[in-house]
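Keeping their order, the protein sequence lines are chains A and B. Each residue of the first sequence is one higher than the one before, starting from 0 at the first, in numbering that gives the first Met the number 0. Each residue of the second sequence is one higher than the one before, starting from 0 at the first, in numbering that gives the first Met the number 0.
Worth flagging that the hints you see were computed from the coordinates, not collected in a lab. Keep in mind that this is a model prediction, so the values were computed, not measured. Certain hints may be false.
What the hints assert, rightly or not - Mimicking DSSO-like on lysine-lysine, the simulated pairs with C-alpha atoms at most 30 Å apart in a straight line are:
| # | chain 1 | residue 1 | chain 2 | residue 2 |
| --- | --- | --- | --- | --- |
| 1 | A | K129 | A | K28 |
| 2 | A | K182 | A | K28 |
| 3 | A | K224 | B | K272 |
| 4 | A | K101 | B | K135 |
| 5 | B | K90 | A | K12 |
| 6 | B | K230 | A | K101 |
| 7 | B | K135 | A | K129 |
| 8 | A | K319 | A | K12 |
| 9 | B | K203 | A | K129 |
| 10 | A | K112 | A | K28 |
| 11 | B | K272 | A | K129 |
| 12 | B | K203 | A | K106 |
Stated by the list, open to error - According to the in silico footprint, chain A covers these stretches of chain B (three or more CB under 8 Å from chain A):
| # | segment |
| --- | --- |
| 13 | 154-160 |
| 14 | 196-202 |
Where is the CB? At the ideal position from N, CA and C, for every residue including glycine.
Chain residues, written in single-letter form:
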Amino acid sequence: MSNDLSVRNMVKKFDDFTAVDNVTFDVPKGSFFSILGPSGCGKTTLLRMIAGFEEPTSGAIEIRGKDMLGVPPNHRPVNLVFQHLALFPMMNVEENIAFGLKRRGVKGPEIRKQTDTMLERVGLPGFGGKQINQLSGGQKQRVAIARCLVLEPSVLLLDEPLGALDLKLREQMKIELKKLQTKIGTTFIYITHDQSEALVMSDHVAVMNNGQFEQIGTPQELYGKPKTPFVAQFVGDNNQWSGNVTQSNPGEIIIATDDGYSFRTKGDAPCADGCRVNLYLRPEAIRIEPRQTEGLNVFDVQVKSILFDGANSRLLTTTKEEHELIVTLPQTRKFDHIKPGDTISVGWHPESGICFEAEA
Amino acid sequence: MNRSRLAFWIFFAPVIMWLVLLIVLPHLDLLTMSFRGENDYGDPIWTFENYTNFFTEPVYWLTFVRTALYAIITTFITFLLAMPVSFFIAKLARTRAQGALMILLLLPFWVSELVRIYGWMILLRESGVLNFFMLKLGIIDTPIEMLYNDATMIMGLVYTSMLFMVVPLVSVMDSLDDSLIEAAHDLGAGHLTIWRTIIIPHCKPGITSGSIVVFMLALGNYLTPNLMGGKNSLWFTEQIYNQFIASFNWNQGSAFGFLLLLLSSLIIWVGLKLTRQKLGEVAS
């Protein structure tokens, strides 16, 4: 399978500040690739270099096997959907979509045909004559995407385009974007700080921090097998303990946490006895009042409050050492009897713990 | 009357007084004067003669056409020069430099127009600074008279008007989102196309208001054409001046004044129609 985009050892420095630090990755043809990271991690700079608005300090960008260094943005086969969409307010919807085609010298009737087809594809048939300020947020979104897709770019870049939408619409657009990408088959590179956007839509996600890629993988890999503590904390929620390794067996280690618990967990990290580790545990890995306690790490916690959020409900609990834990509360009516202040027993399987050696 | 109404009138009164006493009343007086004349016996009568004179005497209306044409050319040149200058100030210069650049632009206006024009004359006249250096450097053998021609006059007018075009342009360009320019670039537009399709359409209100001000200032200017223009490059304001001061024909002079007002308004109206704009939109 060929790659639509490959980036090699890309570095971008602004004076002393290194915004993008030696990033290398490939995006296979037709895939949905996300770059996930907190604000200021360099992801927008990376995207702007792919689009051609910034020149990398060093490194190489290839799009479909062609070197892109020194090629201005208007001659690159990539298009960018801007964070605030940047639709041209002085033109109507049709003129916005036709803008790129006109620049390519496509003839009038052909432009009309293509814009109409594109409007239909994004679910806005007959909207051509509307002014930009007559559109709703979601419609603007689709026009911005249509304006790029009509040029049939090798790669479509999206810079947090859902950021400005309200929550409900964002959820809808997530699914729509994914459907659209599957339908059209264009390679999407999507930038976001919202992990749920990245996880829901992408085939592959790169987690970026301080200008570097921490991990590239499928959403499942990132969530289930984070390679670095940053990924473990940034992707999904996690409970955290610090402690020392007391015993390490092949595939399993025993940790004594600082607040006095002894946990068994799988130990992929090469930890010697006595070294300091951080243990991460997903809220849904903790079972409430497990019937079979054999092989689990079991202890008691006190319920502080119930964070009800439909299917996403959680319990905020503390151990008797005041260590806060978030525990998923399945909405099966089985646990309806739990009230704030109750003491319940919880347990987790050694397989679900994730351990990293703590940085000195 | 309640208190807020009273306050409104108190603050509004000076404006009304200013408008009525200093603008409306004198103009009404001029208007009646422009329709007055004398019959063969020297008795004062009502007449259209002052207005028909303008159209029957070619020297009058030709001067006007010349003035209007040059004012339009001045406006256009000012626009062409102000566009890149404003773009630099609004988009390329750093925030701190912006203020300094605007002050540099304003600085010449601390000095009166008369002094500025004399400054140009010192530079450009036959025995002036420019000629001195060109002779020294051996570029020319005999000094060139650079004053008293139409090109120099237009240059002077452009120089005087520059600020009034740059200020509105900078403010509209400030409101142009940079990502629009980048988006156009990304969609395949080159620099010229970006100017034509994005920047100029966005700046239209600023261009129009700047152009109106510059056109009116150039058309109504007296000093620059008088001092820098040649002997046979008569400006319409000089015609008005001549009627009032030289010929002492106040009736003819006020008729010319009103014709200048009407015709310049007409030109602006045509300009707005041609670019499909409304005055209200420009002012807002």
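Here's how the hints hold up against the structure:
1. Restraint check for K129(A) and K28(A): the C-alpha separation of about 34 Å exceeds 30 Å, so the hint is violated.
2. For the suggested pair K182(A) and K28(A), the alpha carbons sit about 14 Å apart, so the restraint of at most 30 Å is met.
3. With a C-alpha separation of about 67 Å, the suggested pair K224(A) and K272(B) falls outside the 30 Å cut-off, and the hint is violated.
4. Distance restraint check for K101(A) and K135(B): the Cα-Cα separation of roughly 55 Å exceeds the 30 Å cut-off, and the hinted pair is therefore not satisfied.
5. Distance restraint check for K90(B) and K12(A): the Cα-Cα separation of roughly 23 Å lies within the 30 Å cut-off, and the hinted pair is therefore satisfied.
6. Under the criterion of a C-alpha separation no larger than 30 Å, the hint pairing K230(B) with K101(A) is inconsistent with the structure, at around 52 Å.
7. At roughly 66 Å between alpha-carbon atoms, K135(B) and K129(A) are farther apart than 30 Å, so this suggested pair is violated.
8. Between K319(A) and K12(A) the alpha-carbon distance is near 49 Å, which puts this suggested pair outside the 30 Å criterion.
9. Distance hint between K203(B) and K129(A) is fulfilled; the C-alpha atoms sit about 21 Å from each other, no more than 30 Å.
10. The straight-line distance between the Cα atoms of K112(A) and K28(A) is roughly 27 Å, inside the 30 Å bound, and the hint therefore holds.
11. With a CA separation close to 24 Å, the supplied pair K272(B) and K129(A) stays within the 30 Å bound.
12. Restraint check: the Cα-Cα separation between K203(B) and K106(A) comes to about 28 Å, which is no more than 30 Å; the hinted pair holds.
13. Proximity of the segment 154-160 of chain B to chain A, defined as three or more residues with a beta carbon under 8 Å from a beta carbon of that chain, is not established by the 0 residues found.
14. By the rule of at least three residues with a Cβ nearer than 8 Å to a Cβ of chain A, the coverage given for the segment 196-202 of chain B holds, with 4 such residues.
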